[in-house]
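Peer 1: Please work from the sequences and hints to get the whole structure.
Going down the list, the sequences are from chains A and B. Residues 3 to 117, numbered by our numbering, are exactly what the first sequence covers, in order. Residues 28 to 137, numbered by our numbering, are exactly what the second sequence covers, in order.
Since the hints were derived computationally from the structure, they do not count as laboratory data. The reader is advised that the hints may include incorrect statements.
[Stated by the list, open to error] A few chain B residues facing chain A, derived, Cβ under 10 Å:
hint, residue
1, Phe72
2, Asn83
3, Ala127
[Stated by the list, open to error] Quick list of in silico lysine-lysine cross-link-like pairs, DSSO-like style, CA-CA up to 30 Å:
hint, chain 1, residue 1, chain 2, residue 2
4, A, Lys60, A, Lys70
5, B, Lys40, B, Lys84
6, B, Lys125, A, Lys71
7, A, Lys71, B, Lys84
8, A, Lys60, B, Lys125
9, B, Lys125, A, Lys70
Just so you know, these numbers come straight off a predicted model, no measurement behind them. We treat Cβ as the ideally placed atom computed from N, Cα and C, and that holds for glycine.
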Amino acid sequence: AQSVTQLGSHVSVSEGALVLLRCNYSSSVPPYLFWYVQYPNQGLQLLLKYTSAATLVKGINGFEAEFKKSETSFHLTKPSAHMSDAAEYFCAVSGPLEGAQKLVFGQGTRLTINP
Amino acid sequence: KAGVTQTPRYLIKTRGQQVTLSCSPISGHRSVSWYQQTPGQGLQFLFEYFSETQRNKGNFPGRFSGRQFSNSRSEMNVSTLELGDSALYLCASSADRKVAFGSGTRLTVV
Numbered sequence: 003a004q005s006v007t008q009l010g011s012h013v014s015v016s017e018g019a020l021v022l023l024r025c026n027y028s029s030s031v032p033p034y035l036f037w038y039v040q041y042p043n044q045g046l047q048l049l050l051k052y053t054s055a056a057t058l059v060k061g062i063n064g065f066e067a068e069f070k071k072s073e074t075s076f077h078l079t080k081p082s083a084h085m086s087d088a089a090e091y092f093c094a095v096s097g098p099l100e101g102a103q104k105l106v107f108g109q110g111t112r113l114t115i116n117p
Numbered sequence: 028k029a030g031v032t033q034t035p036r037y038l039i040k041t042r043g044q045q046v047t048l049s050c051s052p053i054s055g056h057r058s059v060s061w062y063q064q065t066p067g068q069g070l071q072f073l074f075e076y077f078s079e080t081q082r083n084k085g086n087f088p089g090r091f092s093g094r095q096f097s098n099s100r101s102e103m104n105v106s107t108l109e110l111g112d113s114a115l116y117l118c119a120s121s122a123d124r125k126v127a128f129g130s131g132t133r134l135t136v137v
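Peer 2: See the structure below:
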């Protein structure tokens, strides 16, 4: 069984500050890990994914995440927040058999950017 | 390349009715997954279809069903609607480990 825990349902940072959204996973098989962003009244947009290649994954819009097996973590970071980053972010896990077809999501973190 | 298209975008139904939601995947994507998003339960996997066969299923009652057609388009049906079925229903299509989500259908049950 797989699960994801996102620490902090709400995160608020100032424009230009570091963004750090935390995600811990549990998986009995080597995990595939994903970060998605959701803007109001829209679907999910893939930011980045880890599928057992490089542990540091770079995504779109300046985001990146590092897979740390020893800590079962996959935290999302961005060096400098922009107002347009305000949205809800979801971490998700799946197994190698399911790939992207069956995702288990965390509860989400709402990111607010203060001017 | 057109994205994943879900219709309708918004729907209001009465308790006890049934509803059918439609999803057209990206051309060439043969896998279609459905998710339910609610404020209380978050994003939950409903089921996945591949080549007209249900390949994975989440923990939802039998009132939730789906199907996939030969052109990979998929529909999900919810019968005997309950107030708790009010949610955003998201469809995702995937191929070769690439996945894309539609904008969803927001269902309100009154």
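Peer 1: Now tell me if each hint is right for this structure.
Peer 2: Hint-by-hint comparison with the structure:
Against a cut-off of 10 Å between C-beta atoms, the interface hint on phenylalanine 72 of chain B holds, since the closest Cβ of chain A lies about 6 Å away. Hint status for asparagine 83 of chain B relative to chain A: holds, with the closest Cβ pair at about 5 Å, below 10 Å. The restraint placing alanine 127 of chain B at the interface with chain A holds, with a minimum CB-CB distance near 8 Å, inside the 10 Å limit. For the hint linking lysine 60 of chain A to lysine 70 of chain A, the alpha-carbon distance of about 15 Å falls within 30 Å, and the restraint holds.
Distance check on the hinted pair: lysine 40 of chain B and lysine 84 of chain B sit about 25 Å apart at the alpha-carbon level, within 30 Å; holds. Distance restraint check for lysine 125 of chain B and lysine 71 of chain A: the Cα-Cα separation of roughly 23 Å lies within the 30 Å cut-off, and the hinted pair is therefore satisfied. For the hint pairing lysine 71 of chain A with lysine 84 of chain B, the CA-to-CA distance comes to about 28 Å; that is within 30 Å, so the pair holds. Proximity of lysine 60 of chain A to lysine 125 of chain B is assessed by CA-CA distance (about 16 Å); at most 30 Å being required, the pair is judged to hold.
Taking the CA atoms of lysine 125 of chain B and lysine 70 of chain A, the gap is about 23 Å. The hint holds against a cut of 30 Å.
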